[in-house]
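J.: Residue strings, one per chain:
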Amino acid sequence: MPGLGTSFGRGGATTFLQDLANADCILIEGSNMAEAHPVGFQWVMEAKRRGATVIHVDPRFTRTSAVSDLHVPIRAGSDIAFLGGLVNHVLSNDLDFREYVVAYTNAANIIDEDFRDTEDLDGLFSGFDPETGQYDPATWRYDPPDDAGAADRQEDAELEASEDSTRSGEAHKESHEAAESESHGSGGAPVSWKGRRDETLQDPRCVFQILKRHFARYTPEMVQEVCGIEPAQFRQVADALTRNSGRERTTAFCYAVGWTHHSVGAQMIRTSAILQLLLGNIGRPGGGILALRGHASIQGSTDIPTLFNILPGYLPMPNAAQHQTLDEWVADDEGKAGFWGNIRSYAVSLLKSYWGDAATADNDFCFDYLPRITGDHSTYTTVKAMIEGGCKGYFLVGENPAVGSANGKMQRLGMANLDWLVVRDLQMIESATFWKDGPEIETGELVTEEIATEVFFLPAASHVEKAGSFTQTQRMLQWRDKAVEPPGECRSELQFYYDLGNRIREKLAGSTDEMDRPLLDLAWDYPVDEHGDPDGQAVLREINGTGPDGVALSAYTELKQDGSTACGCWIYCGVYADEVNRARRRRPHWEQDWVAAEWGWVWPANRRQLYNRASAAPDGTPWSERKAYMSWDAEQQTWVGPDVPDFVPDRAPDFVPEEGAQGPDAIGGQDPFVMQTDGKAWLFAPLGLADGPMPTHYEPPESPVHNPLHAQQNNPSRRKLDHRTNPINPSWSEVFPYVFTTYRLTEHHTAGGMSRTLPYLTELQPEPFCEVSPRLAAERGLTHGEWVTIVTARTAIEARVLVTDRLRSLRLGDRFVEQVGIPYHWGRNGITQGDSANDLVNVTMDPNVYIQDKVGTCDIRPGRRPRGPALTAYVDDYRRRAGVDMEHPEDGGADR
Amino acid sequence: MSSPLGMSLLSDLFSEGRLWGRLDDVQHDAGYGTSEEHPPRMGFFTDTSVCIGCKACEVACKEWNEVPDDGYLLTGMSYDNTQELGASTWRHVAFVEQPFETVAARPPQEPPVDVAPAVDLGMPSLGVPAGEDQATSSGESGVRWLMSSDVCKHCTHAACLDVCPTGALFRTEFGTVVVQPDVCNGCGYCVPACPYGVIDVRKGDGRAFKCTLCYDRLKEGQQPACAQACPTESIQFGELDELRERADRRLAELHDKGVDVARLYGRDPEDGVGGDGAFFLLLDEPEVYGLPPDPVVTTRDLGTIWKHVGAGAATLVGLGVVSFLGRRR
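If you're matching them up, the sequences are chains E and L in order.
First residue of the first sequence: 1, per my numbering; consecutive thereafter.
First residue of the second sequence: 1001, per my numbering; consecutive thereafter.
These aren't lab readings, by the way, just hints derived from the structure by calculation.
A hint or two may mislead.
[Stated by the list, open to error] Simulated coverage check for chain E against chain L, where a stretch passes if three residues somewhere in it have a Cβ under 8 Å from a Cβ of chain L:
hint, region
1, 66-75
2, 356-364
3, 755-766
4, 798-804
Quick caveat, the model's predicted, so the values are computed rather than measured.
We put the beta carbon where it would ideally sit given N, CA and C, even for glycine.
Build the full structure now, drawing on both the sequences and the hints.
T.: Structural data, given as structure tokens:
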């Protein structure tokens, strides 16, 4: 989550669900919270009961809109224009919380004189290389301070040197290739100095003035032209936000995959971060940005990642070209101001937890055992490699890409070209049966007898059949006990991987090949129960970490770089403090205060509200009595309040770090963003993002609308997946005139394996359907309740259609834009079957996180789709008429 | 001739309070002794103004009570695919889509000319859009989506119970109405007796089923599964007297906020069923949610019927006597 990570220093929700109840206004955008997070939504309803204004900005009128005070229909994918309009409204009317902005953000920082904005370069920032489609961020940096000390000047020289090599060499490109932005999940990008500041905010090169100029054209009229939002309604939102922000009041933002699943997803989140910082709503009760995660433990799966480019605790995955030694690996971040500056302690402790006694100072703590990345190994790139024969084996664990991933055909064609495929799931999902009943078998594109993939299906234990922890939306670990033994051959993931490790190690036993040492030297010893299932609490304790005496550690500040401590994930250190599984604590909030510190455990250090130093004014007193949270107690010389201070506990507000101070010692008394190397929140990101220091509106890769802001139609650094299986609809195509977007329903769970197979859930939403406005229905002759066919350059699917006023026809200037909404839960297995909406979605990715854009264009027609080979011919005809260039499918054939 | 005792029993049975009208201690009436001797009357207050339509109540109910699925049909009635309460649906969430104009522009209490004005039942509109205004995105011309979780009302005067010939339906010590499947003979008398259309006979089984207000959970001091699952406290379970007070406060709060359309349904102990054990806060007319506007217990007229029957019988007897008298003359 680099959108939050580069802005604040950590890539997690800044606040917690319960705190929403304290908000005076809640803006939900990019999220259908009532439907997708119904349990957490109780706190929105509580806020509303206490008098808060709830606003829902969404392409569709959903169950969230139904209980909001205001629903604002928006064209899918145009969120930066809308939020940018709000930023402009705040800046041009002097409605920012000036004292907060000056003290706690980088608004005052002066930026390099060579920086050029998108307003100067018609949609590009300075540093863009059209050959590679990538940015060199050298000109986005802070101007060096006037009084730059010797250390700073030395670093400056080093930076210049490394920039020279960057410009000419491969290092920078590779850094982009490896999606380095993701590593700002818990530690901001490193800047070399705190920079020169103009706290009057008048210098034309200061961030505040740059921001003001950058968003000046995002007027209410422009918002209407891009988003289809009427100026009067835009004004209603702007007034609600500004009225409910400041010393006395706070506004919270909630978002989910409606922002993350875009080719500009990270920048959408960035725009909300800028807005919330200008309004002074970060780190304060009832404020913040709540990133709502898509599954039970998606936060957990980035903290202890299932991603290719990071290691536990957001440590960057070492790169084969750049990181030959432990020193090189940590060099970029070590010693910088803030807690991220202690990266070596976290890294060494992680290596100690992996390799135990084998990891010593003499062998760089087995740093050489770590796998290296050589480029982009993300999911869609891997699928492309499967189709091209470069990837031979695949594990699918709790994942059903044949239904749940964009461009399902690509996924299935990839899996059909493997040597082996392991599917571990609760149900016989489509990804395990595509070879006999997938859509490509129907069309003849695949023939069962010709598929060589050997598919192993391994039944998995469900969440009630195994013990373990979830890390949810608000970074909270909650432990669950095993309720029943798994039936038959079903096994927990823990048991599966433990056993797999044992078997591989048995096969390698006695090997003298150096290549096998990392596996043979692994610390791989866990207590098991009578069924052979390892004790999950032993694993959690290993993640927490232990000291030289073998006792569980209490906090990551105890981690050492000399190898005397071991810790599986530094940000989770403390979850097992005092040998107590704190994730298992279940003391309800009515038996403690509302912050409920004794329910579960939250990283980091059980802090519920991040950056909570900012809940007090620079002098350490609360901004107001109504919004008091943490404050400085001068008598006790400590920060006090209902939460764990997200600050050095005894650091006085007037503390000024000594020159040359490193790590936490370099955090000033008025620097609440302790993971940032300059202690400030970033309105302008001088480093860390692949597609610009500030957000700019670009159209989705498929759009019926010309970008009215610049000649640059799409995100110039978007990541394209150039392959014949991924053709893109040309922009502005009359053949594909409508926008579509996919989404979830309360009644089903993601790709459906856990809900389409259950009678009680299936009966509640028994068939695939889509939703259109009455105007679109009239235009295309669609009848409520009947079948329709939806077509993109990828394929065509069929569904029943609901014609409803909940879908609005949007007026953009002198034209209407119609949107088709399609839930994505269905596939060909389960109690009820149907086509998968994700088969329509193209793969064009955000350059920071390699996540696809879920918005596209389509046609919609009455009636069922053609069957068998006729379907292929039908889609071919559409491609031909739209002029899709199958030789260069990534551009759709009509991009400029 | 009837004995004086028989007369008093009949007149007592047909009097206000037994089969209709106000009845303050329903458990006492069912033979559970005084209010000190039985637990308080328990019920539901369903506040539809905070319902988010998640249907967790439907699923929790089925899971706990082992109610089978009710078929797989995409109805096209908004997001409502279970349609109505029945033998296999004991909680049902209604979804009502209304164009916003009809709500805002509805004439305030205009006197009906001949018939009551048609209430917009919120069926999805199928027609062509009403001009270009339809397509604007202003909040003034939006859509309203009402959601409401319906359930058996556990009436003070429960006709289903009163007409049950086998005693399968009975009043519990909590004042709720429960069917005992092992006693039910499937006669189906209860089905037309219910003024709300709640109870029904399960096809392929033959017996009648409906919400038990989780009688088994109540006996263990737990709350019903639906109320426990509800994330927004739309379904509130508790002592009926306390729930009525809570509902009154909530209604006043909403009226203070200008939500004039809010009203309570089934709250009044003087209504046609003597008040519901499960009552509601609605944001529109009951018909909009598929609820009868003025439900009356079907046994209310039993006394009158018997009086007429008695009068008819007496007339017949009198005529007979007269004819004998005439013959004697």
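J.: Each hint: holds or not?
T.: Hints and how they fare:
1. Counting residues of the region 66-75 of chain E whose CB lies closer than 8 Å to any CB of chain L gives 6, which reaches the minimum of 3, so the coverage claim holds.
2. A count of 0 residues in the region 356-364 of chain E with a Cβ less than 8 Å from any Cβ of chain L is obtained; the coverage claim is therefore unmet, three being the minimum.
3. Coverage of the region 755-766 of chain E by chain L holds. Counting CB-CB distances below 8 Å, 8 residues qualify, and the rule asks for three or more.
4. Given a C-beta distance limit of less than 8 Å, the hint that chain L covers the region 798-804 of chain E holds, as 4 residues qualify and 3 suffice.
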